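Trainee: Sequence:
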Amino acid sequence: ARVQIDRLVGNVRAPRLSDRDGLPLVEAIVRELLRWHPPFPFGLPHVTTCDDVYVYAGREYFIPRGTVLRPSICTMQHDRSTYDNPEVFNPQRHLDPLTERLLPKVQLGFGYGWRGALVFYS
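For the sequence shown, the numbering used here begins at 1 and goes up steadily by one.
Derived by calculation from the structure, the hints in this document are not laboratory data. A couple of the hints might just be wrong.
Cut-off 20 Å, straight-line C-alpha distance, at most; resulting in silico cross-link-like pairs (SDA-like, lysine to any residue) [what the hints assert, rightly or not]: (1) Lys105 x Glu87; (2) Lys105 x Leu34; (3) Lys105 x Asp79; (4) Lys105 x Leu33; (5) Lys105 x Met76; (6) Lys105 x Phe40; (7) Lys105 x Asn90; (8) Lys105 x Asp84; (9) Lys105 x Thr75; (10) Lys105 x Arg80; (11) Lys105 x Cys74; (12) Lys105 x Pro39; (13) Lys105 x Val30; (14) Lys105 x His37; (15) Lys105 x Glu27; (16) Lys105 x Pro71; (17) Lys105 x Pro41; (18) Lys105 x Trp36; (19) Lys105 x Asp21; (20) Lys105 x Pro91; (21) Lys105 x His78; (22) Lys105 x Asn85; (23) Lys105 x Leu23; (24) Lys105 x Val26; (25) Lys105 x Val88; (26) Lys105 x Glu32; (27) Lys105 x Ile29; (28) Lys105 x Leu95; (29) Lys105 x Pro86; (30) Lys105 x Phe89; (31) Lys105 x Leu25; (32) Lys105 x Ser72; (33) Lys105 x Gly22; (34) Lys105 x Gln92; (35) Lys105 x Arg93; (36) Lys105 x Ser81; (37) Lys105 x Tyr83; (38) Lys105 x Gln77.
Since the model is a prediction, treat every value here as computed from it, not as a measurement.
With the hints as constraints, model all of the structure from the sequences given.
Mentor: Now the structure itself:
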């Protein structure tokens, strides 16, 4: 990461937000930090606006209107079916191995859902 920063801005100034595209490893480190230890491990509460049925493993679960849901962001970010060795800090998982460019993935570190400001997209 230091090599990327030095190559892009040298020692004349600090990196700016406009430098972000030229610092894929720095971005990958930030993504991995948010995945590894999300700032809101249990997300922000959501309230259902209507009755709903959630199907999981062949079973149906009725969720009544007004139910407060607290997602476990930490559990989602450490899901072995999504991340190899999720307990290991590995920024490279966010980079294309051939191009070293960022992979297009959604980060759940700040939450999920229709509140786009709470989700970090790239």
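Trainee: Look at each hint and say if it fits the structure.
Mentor: These are the hints, each one checked on the structure:
no. : hint           : verdict
1   : Lys105 x Glu87 : 19 Å, holds
2   : Lys105 x Leu34 : 13 Å, holds
3   : Lys105 x Asp79 : 15 Å, holds
4   : Lys105 x Leu33 : 14 Å, holds
5   : Lys105 x Met76 : 14 Å, holds
6   : Lys105 x Phe40 : 19 Å, holds
7   : Lys105 x Asn90 : 15 Å, holds
8   : Lys105 x Asp84 : 15 Å, holds
9   : Lys105 x Thr75 : 17 Å, holds
10  : Lys105 x Arg80 : 16 Å, holds
11  : Lys105 x Cys74 : 16 Å, holds
12  : Lys105 x Pro39 : 18 Å, holds
13  : Lys105 x Val30 : 13 Å, holds
14  : Lys105 x His37 : 17 Å, holds
15  : Lys105 x Glu27 : 12 Å, holds
16  : Lys105 x Pro71 : 19 Å, holds
17  : Lys105 x Pro41 : 19 Å, holds
18  : Lys105 x Trp36 : 15 Å, holds
19  : Lys105 x Asp21 : 15 Å, holds
20  : Lys105 x Pro91 : 13 Å, holds
21  : Lys105 x His78 : 15 Å, holds
22  : Lys105 x Asn85 : 17 Å, holds
23  : Lys105 x Leu23 : 16 Å, holds
24  : Lys105 x Val26 : 15 Å, holds
25  : Lys105 x Val88 : 18 Å, holds
26  : Lys105 x Glu32 : 11 Å, holds
27  : Lys105 x Ile29 : 14 Å, holds
28  : Lys105 x Leu95 : 10 Å, holds
29  : Lys105 x Pro86 : 16 Å, holds
30  : Lys105 x Phe89 : 17 Å, holds
31  : Lys105 x Leu25 : 15 Å, holds
32  : Lys105 x Ser72 : 19 Å, holds
33  : Lys105 x Gly22 : 18 Å, holds
34  : Lys105 x Gln92 : 13 Å, holds
35  : Lys105 x Arg93 : 11 Å, holds
36  : Lys105 x Ser81 : 15 Å, holds
37  : Lys105 x Tyr83 : 12 Å, holds
38  : Lys105 x Gln77 : 12 Å, holds
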